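**Q** Take a look at the letters that make up each chain.
There are 2 protein chains.
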Amino acid sequence: MKFEQALPALEWLRGYSRGSLINDGLAAIIVTIMLIPQSLAYALLAGLPAEMGLYASILPLIAYALFGSSRTLSVGPVAVASLMTASAVGAVASQGVVDYASAATLLALLGGLMLMAMGLLKFGFVSHFLSQPVVSGFITASAIIIALGQLGPLLGIALKGATLPSLGHDLYMQLREAHTLTIAVGAGSVAFLLLARYRLSSLLGALGLRGRPAELIVRSAPVLVMAVLIPLSAAMSFESAGVPLVGQIPSGLPAFSAPNISWLLIQELALPAFLIALIGFIESVSVGKTLGAKRRQRIDPDQELIGLGAANTAAAISGGFPVTGGFSRSVVNFDAGAETQMASVLAALGIALAAVLLTPMLYFLPKAVLAATILVAVISLIDFGTIALARRYRAADFWAVVITITVTLLAGVEMGVLSGVGASVGLHLYHTSRPHFAVVGQVPESEHYRNVERHDVMTDPHILSMRIDESLYFANAAYLEDMVFAQAALREDLLHVILMCPAVNAIDLSALEALEEINTRLKENKVALHLSEVKGPVMDTLQRSNFLTHLSGEIFLSHHSAVMALRAKETADPALT
Amino acid sequence: MKFEQALPALEWLRGYSRGSLINDGLAAIIVTIMLIPQSLAYALLAGLPAEMGLYASILPLIAYALFGSSRTLSVGPVAVASLMTASAVGAVASQGVVDYASAATLLALLGGLMLMAMGLLKFGFVSHFLSQPVVSGFITASAIIIALGQLGPLLGIALKGATLPSLGHDLYMQLREAHTLTIAVGAGSVAFLLLARYRLSSLLGALGLRGRPAELIVRSAPVLVMAVLIPLSAAMSFESAGVPLVGQIPSGLPAFSAPNISWLLIQELALPAFLIALIGFIESVSVGKTLGAKRRQRIDPDQELIGLGAANTAAAISGGFPVTGGFSRSVVNFDAGAETQMASVLAALGIALAAVLLTPMLYFLPKAVLAATILVAVISLIDFGTIALARRYRAADFWAVVITITVTLLAGVEMGVLSGVGASVGLHLYHTSRPHFAVVGQVPESEHYRNVERHDVMTDPHILSMRIDESLYFANAAYLEDMVFAQAALREDLLHVILMCPAVNAIDLSALEALEEINTRLKENKVALHLSEVKGPVMDTLQRSNFLTHLSGEIFLSHHSAVMALRAKETADPALT
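In order, the protein sequences belong to chains A and B.
60 is the number of the first residue of the first sequence in the working numbering; add one for each residue after it.
60 is the number of the first residue of the second sequence in the working numbering; add one for each residue after it.
Derived from the structure by calculation, the hints contain no laboratory data.
Don't take each hint at face value.
[Claimed, not checked] Part of the chain A face toward chain B, derived, beta carbon under 8 Å:
1. W71
2. Y75
3. A562
4. P596
Please read all numbers here as calculations on a predicted model, not as lab measurements.
Here a beta-carbon is modelled for each residue, glycine too, at the ideal position from N, C-alpha and C.
Go ahead and model the full structure; you've got the sequences and the hints to work with.
**A** Next up, the structure:
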């Protein structure tokens, strides 16, 4: 491997121009302003101290800038991964094995190492097993859980758990304890952020403000809310009024440290780490591809694994928690004019500056403000469009998305992803386990053979022609046997069965066994088995078994030649007719 | 459902003749003689008191006789299910949750209820997900573990665990403690049983003894060993010499009782119960089909689930443990001339008689004799032929069998089955995730299109024709995108991409998304996307989405008409050429 391939940053660093620096710098300012409240908020969502959000937005950005293959992807804490972190960390921390922060850091380390290993082994294909309905349903369900969970800080009550039933139970039990001033702060923040998100652009446009300055103002909305509410909270002593505040945050940069590792903890966290890493990778690649396509820049999924792996490892050694390429932050970065990953490096410097200078001020920040930031950010992730499309399109896809959403809402994120993958793989196997087999007949005066149920075709009482519309493998081998015997049983004068295989792309060992069984049992009934239109690669594998020597009939290149040859045989041997 | 369908026994009971009764009766005698030592031995293999083996061979046989669909299948304790029972029961019993016997009984109950539920829901297809290499590899590995485990009682030492490393470790640590007299008893029994199995038939034949009498003698070998060694053991007081004996067995029939049920235990045992039931079902159906085919009797897999479910439930309420249709016992039953399940009913009576009359004598039976019975029975299950065949045939099948055997040997039966299923499903998905896509060209002076790499064909610089040799779904959707863009990037003057879909049997939502993406990106590059030879059912699903309205090109019935139409368009609009 060439050095440059391992370090994609070298490509854009060479010949990096002043123009690019200006563009990247301006994008970095917008992204930094957006990231400060978001980082703090997602750390709280993950059940961690707020400063860990800042730490997860410094070194990981630089690591991705060096090793990632996307020019404009922006990594850091994101909503769904933070919810998954909360769930995984909560499970081990509640057992008293370890504190939340150490578990979250170990989660980032494990995920980072797994991603890098997958990248080096070119195992990116594993992510393809998560189907689009599963990913889409999972994100929608997670967003619903996150949004509902924010009702806790917005109402000033403590909602535990990350499933619909537990959130509902807590909400019901504590609703009376809701804190009026906290509600006022939260509702005000949500209202302002919603207005900023959906109206401010057009308002600024009407005032003649467009482009980057307008963008900067719109993206500053969360910081503006903070800028208004921190002094307000300090002046009106929200703290003594009972409004939950962010409180003391250590000032300065994170200390480098090796995560707290124990074998027991690794066993407990391996699966969640893998799922967080995989979902994060899928989200990143999807964002990276979308943005890359707009500028004709290619995303290399295997390099992307290494980039994200490096980012998570960097998070682990600098006091952070799992990070990934976020959709909204990357779009903001792209729209703000970022040309290269230099924008992310500069944003990291911005966050580092914030960690050093701003932390004392954050003491007075009401948590409700951060909850409002999360709420407004995640509602755009809720997308019922896929359910509607899947419902219209295909039952298997519909069930995959419904199962994923239902299990995620009721049993949590891990069970949700696993059930979704199980459902989509299971449904796919089920679907191909009862493939379409058509009894075919000859279209008059042609060499074409079509389904007897759909077309007016000619058949021969001595010959059963069946077209198999699927590769033959373990899940459908038994079904093939059943179908052939069922059709053969309907025909008293049967002498030949021809399986027409133009759509058979593979025959595995279980299916070979089934074909042997069909051959043997037909032979016992004095019926010969033939195959027609067998593809080259399939023929190659069959030749490596003994099937062809056992086969009572022949292999024909075209189905028509098979029928002609077998008819000619009957005429030559009238005893058979 | 008709009453007779629910109770297949009614079919053969009606018009049951005296001749059948004689045949069934003689078969029952042979099977009973074979079953007495086997039942005791498999109970010990499962880590249970010996009498549970007898109990599992009474009521379950009658339950299967009523509800099962095979005329000659013989159910009862079998080697592999007993090993799996030992593993599952050992895991919960070692935690002190419950005693071994209660756990084994609950295992039978759970498995029985699951099988019946699957039968009523017609969920037999679930068993198709266990591919032939996985089942075959699993049985071979289990047989190796069982055979090695018998070295414990044969040497008079205590081997715990059911994996190669733990057996090896125990064997190494205790080899010095091996007990000479026990070894002599064990080695003598093994030698006699091997001789009986592989030589006695031909010896008796040379003496002019053939048919059923000869069969009876051969099958009596294990009982003969018992008949010799029980008096010997009593007379020479093997017990005080330190030979481990079967010891006190309660005399009489099992008491009916409801199994000891707790929610915690059910959670722990649900997965092993399911795996034992599933493996047992697969073994039964495979034996039943083989025997049924010889007499043109049909096996109904869904009825078979109900029959095996009833047998296991019967085992649970009468003090037994998981049972299934065994290969060797069913073949013996069949070969001995059994015509109907009346043979099993009579064999059950024979075992019941043994439980009442013989148990006092079993006190002096050396455990080494039972171990010898198991050892000689399971070595015939070890079959490396499948590995060799799979190796020659197809890499995916080879890896599935190797992974199953390796994991079963090293990590035990449950992990072995699960890894095997995971591997075969994973390999199948991996295989179809990188399907064969061929760039095709026109065979000169024909309407056929073939792979440009294999044939001498004509291509057009403006048209890229790609044939897709697989259904499109989530696992290969990303690969399709990559392939199309990679091929499109090689052609500077490209105007049209035609995807030829004769082997595409389905397009799921993830693949639809990929096609939308391909369409969009090609359109941005002023290239039109067309499809040809789309199958009816696939076209039906596509029409339920918006893809056809977004599609920049057209859908053509035949690939040739697509190429002709697009060429005609170019000629009509010379600006494009």
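**Q** State for each hint whether it applies.
**A** Verification of the supplied hints:
Taking 8 Å as the C-beta contact cut-off toward chain B, the hint placing A:W71 at the interface is violated, the least distance being around 21 Å. Taking 8 Å as the C-beta contact cut-off toward chain B, the hint placing A:Y75 at the interface is violated, the least distance being around 26 Å. Given the 8 Å rule on beta carbons, the hint for A:A562 holds: about 5 Å separates it from the nearest Cβ of chain B. The interface hint given for A:P596 holds, since its Cβ lies 7 Å from the closest Cβ of chain B, which is under the 8 Å cut-off.
Checked against the numbered hints given earlier, the structure breaks hints 1, 2 and satisfies all the rest.
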